[in-house]
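Go ahead and model the full structure; you've got the sequences and the hints to work with.
For reference, the chains in residue letters:
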Amino acid sequence: MLKGNNLWFRYGNRQPWVVEDRSLVVAPGEVLGLIAPSGYGKTTLGKLLAGYLLPAKGTVTIEGRSLPKKGYCPVQLVFQNPELSVNSRWRVRQLLQEGCPPDPAYLEALGIHPGWLSRYPHELSGGELQRIAIARILNPSTQYLIADEMTAMLDANTQALIWQAVLSFTAKQQVGLVAISHDASLLQKLCDRTLMLADGPSSTAL
Amino acid sequence: MLSISNLGITFTQYDQGLRRKQLTVITDLDLDVQAGEVVAVVGASGSGKSLLAHALLGILPENAAISGTMNFQGETLTLERCRSLRGRTIALIPQSIGYLDPLMRVGSQVQRVAQLAGCSKAEAKASANRTFARYDLPEDVGDRYPFQLSGGMARRVLVSTAVVTQAQLVIADEPTPGLHPDVVKETLSHLRELATEGRGVILITHDIEAALQIADRVAVFYAGTTVEIAAAQDFSSDNLRHPYTQALWRSLPQNEFVPVPGNQPSPEQLPTGCLFSDRCSWVSEICNAERPQLRKVREGWVRCVHAEG
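Protein chains in written order, with my numbering: chain A, 32 to 237; chain B, 378 to 686.
Hints are computed from structural coordinates only; laboratory data are not their basis. Please read these numbers as outputs of a predicted model, since none were measured by experiment. Do not take every clue at face value.
[Claimed, not checked] Derived list of chain B stretches under chain A, where covered just means 3 residues or more per stretch with a C-beta under 8 Å from a C-beta of chain A:
1) 417 to 423
2) 624 to 635
3) 638 to 648
[Said to hold, decoys possible] Heads up, simulated DSBU-like pairs for lysine-lysine below, C-alpha to C-alpha not over 35 Å straight-line:
4) 88(A) <-> 78(A)
5) 562(B) <-> 78(A)
6) 562(B) <-> 498(B)
7) 562(B) <-> 220(A)
8) 34(A) <-> 78(A)
9) 78(A) <-> 220(A)
[To be verified] Only some residues are given here: those of chain B computed to face chain A with a beta carbon under 7 Å:
10) 554
11) 557
12) 583
From the three backbone atoms N, C-alpha and C, an ideal C-beta is built for every residue, glycine too.
Here it is as structure tokens:
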């Protein structure tokens with residue numbers, strides 16, 4: 032289980048709380064949707080769960096233990112804008128090797144063209160680069176995946192193509208997935224259950 | 378008002394040393410826009426949507442060569458004419474506040490746009506104020522810098538930059554991704570209003586749902602070519618003509634969410650026949666022989682030999 036227990040977070044001591052006493056549990060192999068208006072701290076919550084930010088109060092645990100401080104993080108986060116999550120001076124081949132060498136079958140499933148491997152990130156379109164960012168985390172070390180508006184900038188066909196590959200990976204490896212999106216019909220198609228973040232600590236299940 | 382036929386864009390690149398190669402990124406692109414209508418241009422990234430906007434504004438890089446014809450208000454759009462019309466008669470609503478000057482107050486920026494379009498300083502100031510009032514932007518917003526705006530305000534400021542110019546043709550490039558549904562709706566309704574006032578609006582987007590909310594017609598681009606031009610209601614009434622458009626519609630999460638596998642062909646390896654042939658379930662020998670022509674089927678336009686009336 033990936034558990035966020037009573038998480039609190041703010042970006043400065045005098046700033047308002049962005050994440051206020053939120054708790055959430057994802058089981059291995061489960062797909063959880065997270066939906067809320069902008070400004071409700073969805074992205075911040077995702078960053079807390081993946082260890083990008085440390086909570087002011089509360090804990091994040093996997094199977095009862097806290098996230099490792101070194102090495103490959105078992106909770107991986109994919110952002111909306113892939114150009115911000117890759118080193119712009121590395122070629123795609125090197126980017127793919129950064130964490131764990133990817134399984135060629137997933138490269139194929141994501142529609143990654145072998146010709147892209149020798150290019151730099153700026154020589155790929157946004158949709159092409161997002162596939163690279165996703166291919167990097169489809170490996171056995173990933174136990175939980177946070178997808179923050181992962182396909183918001185893509186056309187409908189590419190979106191469906193990418194989710195098909197990701198869902199087959201999470202089902203096969205029993206990876207727990209948190210999908211953050213403002214697209215209710217997308218979450219309805221993807222998720223086992225969906226949380227609607229509301230004012231205050233409680234969240235309602237849809 | 379605007380009619381584009383068989384537009385092609387070719388880039389000349391240096392390959393190795395002084396050897397040059399030609400890269401054709403747009404082939405046979407067609408589009409027409411009437412005054413008072415919203416035409417949405419949808420397609421995957423790399424399908425040529427933004428290049429079309431760049432061609433209309435005359436801001437393609439110097440190594441680009443254009444073929445085909447572009448007509449605007451009855452006259453050919455040459456590069457010189459693009460230059461003199463842009464910012465006055467043809468305006469762009471850019472994608473994000475990244476296109477504004479980060480060190481200049483937004484009120485002054487909108488005013489400057491009006492001045493560049495030919496208003497006197499006083500007129501420009503009045504026009505900027507009027508436009509801000511029209512979009513419910515409080516007076517103090519004009520004194521803010523771009524980073525101080527919320528997502529919704531930023532969209533309204535960007536729309537203002539096009540409105541103060543009195544442009545006849547407005548091009549909105551991806552105005553909605555990653556925005557909250559309410560802001561999306563508001564932005565789209567502003568674009569619709571511009572068309573109701575008699576302007577022509579081109580809405581460039583990958584979001585079919587957003588496009589269908591306000592567009593009269595939808596042009597679908599694939600690998601740099603127009604594969605279909607359909608009325609907006611053709612989508613929900615199962616009246617689509619091209620297999621790619623049908624696939625795009627089926628792949629929406631609220632429909633079947635089933636993708637067609639594969640990729641758009643890269644400009645370096647375009648097939649000699651139909652550009653969609655390698656992913657199409659209707660493919661036959663005739664498709665691989667030559668590029669299909671755009672033809673009229675059921676009151677719309679389609680570039681497929683198998684589409685039936």
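Each hint, compared with the structure:
no., hint, result
1, 417 to 423, "holds (count 5)"
2, 624 to 635, "holds (count 9)"
3, 638 to 648, "holds (count 4)"
4, 88(A) <-> 78(A), "15 Å, holds"
5, 562(B) <-> 78(A), "28 Å, holds"
6, 562(B) <-> 498(B), "33 Å, holds"
7, 562(B) <-> 220(A), "23 Å, holds"
8, 34(A) <-> 78(A), "14 Å, holds"
9, 78(A) <-> 220(A), "24 Å, holds"
10, 554, "5 Å, holds"
11, 557, "4 Å, holds"
12, 583, "4 Å, holds"
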